[in-house]
Every structure is written in C-alpha cells, then in structure tokens.
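Peer 1: Since the structure of chain A is provided, determine the placement of chain D on it from the hints.
The listed protein sequences correspond, in order, to chains A and D. The first sequence begins at 6 in the numbering used here and counts up by one. The second sequence begins at 6 in the numbering used here and counts up by one.
Since the hints were made in silico from the structure, they are not lab data. Because the structure is a prediction, the values reported are computed rather than measured. Check each hint, because a few of them may be wrong.
A pair counts as met if it fits within one copy or between any two copies, since identical chains are not told apart.
Calculated cross-link-like contacts (lysine to aspartate or glutamate; reagent style DMTMM-like; alpha-carbon spacing at most 25 Å) [unchecked claim]:
{"hint": "1", "residue 1": "Lys73", "residue 2": "Asp271"}
{"hint": "2", "residue 1": "Lys192", "residue 2": "Glu60"}
{"hint": "3", "residue 1": "Lys192", "residue 2": "Glu91"}
{"hint": "4", "residue 1": "Lys73", "residue 2": "Asp275"}
{"hint": "5", "residue 1": "Lys35", "residue 2": "Glu63"}
{"hint": "6", "residue 1": "Lys192", "residue 2": "Asp57"}
{"hint": "7", "residue 1": "Lys73", "residue 2": "Glu273"}
{"hint": "8", "residue 1": "Lys265", "residue 2": "Glu63"}
{"hint": "9", "residue 1": "Lys172", "residue 2": "Glu230"}
{"hint": "10", "residue 1": "Lys53", "residue 2": "Glu319"}
{"hint": "11", "residue 1": "Lys99", "residue 2": "Glu306"}
{"hint": "12", "residue 1": "Lys167", "residue 2": "Asp342"}
{"hint": "13", "residue 1": "Lys192", "residue 2": "Glu63"}
{"hint": "14", "residue 1": "Lys73", "residue 2": "Asp248"}
{"hint": "15", "residue 1": "Lys229", "residue 2": "Glu52"}
{"hint": "16", "residue 1": "Lys265", "residue 2": "Glu332"}
{"hint": "17", "residue 1": "Lys73", "residue 2": "Glu325"}
{"hint": "18", "residue 1": "Lys339", "residue 2": "Glu306"}
Chain by chain, the residues:
2 protein chains.
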Amino acid sequence: MTAIKPQKTDTAKSSNPPADSKERVSQFMKQLQDEICLGLEELDGQEKFQEDSWEREEGGGGRSRVLKEGAILEQGGVNFSEVWGENLPPSILKQRPEAEGQGFYATGTSMVLHPRNPYVPTVHLNYRYFEAGPVWWFGGGADLTPYYGFGEDAAHFHRTYKAVCDKHHQEYYPVFKRWCDEYFYLKHRQESRGIGGLFFDYQDGQGSLYRGPYKDSLAANYSKELGDIEPRTWEELFSFVQDCGRAFLPAYVPIAQRRKDTEYGDRERDFQLYRRGRYVEFNLVYDRGTIFGLQTNGRTESILMSLPPLVRWEYCYQPEPNTPEAELYETFLKPQDWANWH
Amino acid sequence: MTAIKPQKTDTAKSSNPPADSKERVSQFMKQLQDEICLGLEELDGQEKFQEDSWEREEGGGGRSRVLKEGAILEQGGVNFSEVWGENLPPSILKQRPEAEGQGFYATGTSMVLHPRNPYVPTVHLNYRYFEAGPVWWFGGGADLTPYYGFGEDAAHFHRTYKAVCDKHHQEYYPVFKRWCDEYFYLKHRQESRGIGGLFFDYQDGQGSLYRGPYKDSLAANYSKELGDIEPRTWEELFSFVQDCGRAFLPAYVPIAQRRKDTEYGDRERDFQLYRRGRYVEFNLVYDRGTIFGLQTNGRTESILMSLPPLVRWEYCYQPEPNTPEAELYETFLKPQDWANWH
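Same shape as in the complex, but just chain A (with noise of 0.2 Å):
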C-alpha cells in the first residue's frame, strides 16, 4: 500500500502536546487556585481558606481549600486536583473511545462561591485538562448565578471574558456564551441556572467531537460551529484557558464589592436560600464533574464542597408579580446578550 495519510492524521500530529505538557498545565491549575484564593481572601477582608491535600488511592490526589462563615463568603470552595489511571471512566469514553484502552491523566481547578449577602452572586469556575494515549483536550468555563439581577453586573461578567475570548478568535465568545445558556439550564423548572458565561469541553484543536462518531449533541453542534477555525494548536488552546481563568478575579471582584454592603432583610435572605436550592439541584441532577466523582470513588467532601451551607425548599412558590424577585425570573434567568446591553 502507498503511504498516503489521512489529512487529519497529520493535523493531529502537528498539535500534539509538548513533552512537559502536564507539568505545565498541573503547574498553572496550581497557580490559579493560588491566585483565585488570596484574591478572594482580600476581597472578604475577614477569614481565610483552610487546605486539606489528598490522596487518591488509584493515582494522583489534590489539595481542596474553604473558606467558612468569612465577611462576605459564606462558604467558598476552590479546589485543585491532578489525577491518573489506567481508564477513563465509560461516560467520558463515549465522548472519546480513541481513549479506550489507554491510560490517563486528568488535571484542573474548580470553584464555588456562596456569598452572605443575597445581592452578592454565586460564582462557578472550572477549567480542566486531560491526556489519554492519543487524545487530548481543554474544557472549563465559569457562569454568574445572581439572586437579585443588575443588568451592570451581568454585562461586566460577560464582557470580561468576552475581551479574553475576541484575544483569541472572534467565533470563542459567541459559541461558548450559547454553550453555557444551554449546559447550565434546569430542564425539569425551565429555568436557566444563572446569567452565564462561558463553558466549552473537548477542546482539542481538531473539532473532533463533529467529526467523529460522538454521542454528545450538544458538545458535538458547538464543535462543528467552531469548525472553520480549526486546526488549534496545543499552546494556543492552552493559553487562551491561562487567559480565562485569570480573567476571574476581574469578572468577578468588582460586582461583589459593588453589593457587599447593600442592605437586606428576611425577604431577601429568604429569597437568596430559596434559589440556593436551584444550584443543589442542578449539580445533583445535572452536573457531570459532581455525578461522575460520586459515582466513581472521588473524595465526595471535595466534590460536595459546591453546595451551600444553608438551603431552603419551598412548595409551589411563586414570586409576586412587579417585585425584583419577579424580575430574577422574567429577564435574568432566560438568556440574554449581556456582552451588548446599555
């Protein structure tokens, strides 16, 4: 037989990761979680993260950090977590069988916030990195969840990260903006879970979630619109996530000190536990990372630390009409172009 190569054969080879790629990746997750916590410790002025660092049995392990009853967060999770083994777990195979069979490695960081003060919102971040055989990828992202809505906080969120994202190519904002609305969406209330942000998965350079034979829809439709800017290289994918999740204390600090010292009440407090609820269930329900890591023998105190530390349900409640409450429902928890509003 003549040797003649598939094109994408080639392609692959010429973005193949650098030798010292875990080291680097492992190094900068380390450093963001680093970053993320004395930014945070600044911004609540009061407490500071605890550290606990595991082990984990089959390879690998982490160093989780809370932060507990702090000045402004309530309970604040970040943690870091560089893992490896001899298989991937049959839920991310099916995303990527080319991975079957090999070993592999996994790293990121991950973060919740559940601030005090119902006008402060909850936050989520996280960006991760896998190497299995001859596959490799980036995902990550981070959403806003407020409990009451300023039209100022949502813009200065997105338009943060869209300034990162337009650094690197003008299709990442818009494609990775409509891929959170639709990840972070509670099917069984109709309700988004927040305002958004960006989320984006399988990021290999190669848009090979369209073009191979992948069970993930929705993966697979955001990688095809990505499409026509392929191939990436591995340095500029891993780059633009340096630039993403350094871009978090800029997205986010701002609009807590701007509500930190808003005054509320009953209502308000009682409000903000009400919609607590919504973000259990969504990473109960929903939440790939928290299925799979309970599923799968994770350490659930580091998984778990996303949910809140207090939290109300309550039966058939509906807000008032023409109250902000209202207002939470009608305009912030259905997508909208907050990169573009005035």
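Peer 2: For chain D alone, coordinates are given in the frame of chain A:
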C-alpha cells in the same frame, strides 16, 4: 406445531389481574392518601393539608397534599397519582422488556414527612402498581430516618411491618427488610439513609425478575430468594400491599408522639439540618422515582415535595466521639436486626 405451552405462560394466566384491577388499586391508593392525611392532621393538631389537583397532558393526573409549618410537621407531603400513556420509560422497560410497545397504567401514593423536632424521625412511604400489556406488578415500602437514634423506636417500626409481612408469608420480612437496607444506601457516603424498613419492587407473583434476562441485579436477587414461595396471585399481593399501607400510622405515630415534646437546642437542630442534606443527596442522586420524574416531564413541585424545607451542608463535618450524634453513625446508620432488638 402442537400446542404445548410452556408452564410459565399457564402460571401467568392463572394470576391475571381481575377486570376491575385498575379501579380497585387506584381507589385503595386514594383511600390510603386520605387515611394518612387524616391521621397526620390529628397527630399535628395544628395545621391541615392543602391539596393541589393536577392533570398530566399525556394522560392521567393526581392530587398533591402538603402540610406546612405545623406544630409537629415542619413539612409533610402526600401524593396520589394515576397516570397512563403509550410507552413506559426506558429505565423500567430495561427491567420488564415484555412491556415494550404496550400502553401502560400506573397508580401510587407516596409520602415524606420532615418533622420539626430533631428527636422525631423523618419517614418515607410509597406504594405503586403498574400494568403494561401482559405484565403487572406491585412495588413499595416504608423507611424511617432518625436524627437521634432510639432502639425502641427502630424496633417498633420494624416489628409493626414484620407483623404485616408474617401475616402473608414468613419470607417477606427478611427479604424485603434487606432489600430496603440495600436500596436506601448512599454509596458516596458509605452510609445507610436511616434504619430501613421494607422495600420491594416488580412483585408479580411469578418471580419474573429472576427468571428473565433482567438487568437490575438487586431486584432479581431478592426475587430469586422469594422463588420458592411463588407463585402468588394478584389478590394475595394486593391484599399484602393494602395491609402494608394501612400499617403506616400505627408504625409511625406512636414514635412521633413519644418524641415530639423532647427538648432540643441549636446543637440538635443544626445536626438535623445537616443530616437532612443526606436525604437531598439520596433523592436527587439515587432515587429512581425522583430521577425518572424529573427526566420525563413529571410535575416538578410534586416530585420535589420530598425535599426538606431547610437544609445545611458542612464541609468535612464529623461528630464528636461518644456523643448521640456519633452513636447515630455507629449504630443506627448500619443495617441491624431491629425486629429482634431488646
């Protein structure tokens, strides 16, 4: 071909449901809801259940009843539903492939109580009946979740149900008790949800689950243990389910009455709210009914009525040694032979 039918078919025919099976079971399920609500209103002495009737677009409906902020019940929900449609969901068809392509009918009553006083246990009950073409089955049970453990309460609850079981068959209690222990188990916490009770599913009097190529090993294993007492008739099983349902008030009310006036402070309340988190985790991560309902467009508010009105999560909480809280974990959150407690 000569018409030699396999014996299984003959046996199946002999236990066909009567012509009015649906009416009789749904009427019982409604009566059970009425009876339980009346008994609980009497126990509470302060608040009454409020009812919402609802209809399901695809066929059927239900009536949801909630009692909020009572003297004893911080929240209690009792649902009746009767639904029908063209196809059972895939999760059930996996267990009963004979029902493929058949219209289905399902009716049931379910209940969860969240008492205010941490010395009064949370309790759950559910009984259900399915028909789909050639197959039919009963399922259900009841289980108790104390915050502070008392041997006499656990023994009373189990003995009440054991007496009901023994009236029908000596093998019911030992099998359905262990099935309950296994079903209400939080793998990610390596904890039982509470002190158990009874649980059974796919009871068709034929032991079909262990004779067929079924996937649910838990149900198949327990059905196999019952194999030597098969076949049972529809009437026998319906009579057993009725007796179980009617045993709830005598199983629970004396416990609630015994504990309702026990004094408690912030410590006990905090522990109760923390432990309620496990109820949320079980219902959203593992419970078949909840997950099925949420994923198939059920009435969300009725499904999630089981979630507690107020819940706490605390990172890395551990009870102090030699406290009642530690005793709960050490003694009550592990399967025990409560019927023989002394």
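Peer 1: Output the numbers, in ascending order, of every earlier hint that fails for this structure.
Peer 2: Hints 8, 11, 14, 15 are the ones this structure does not satisfy, whereas the remaining hints hold.
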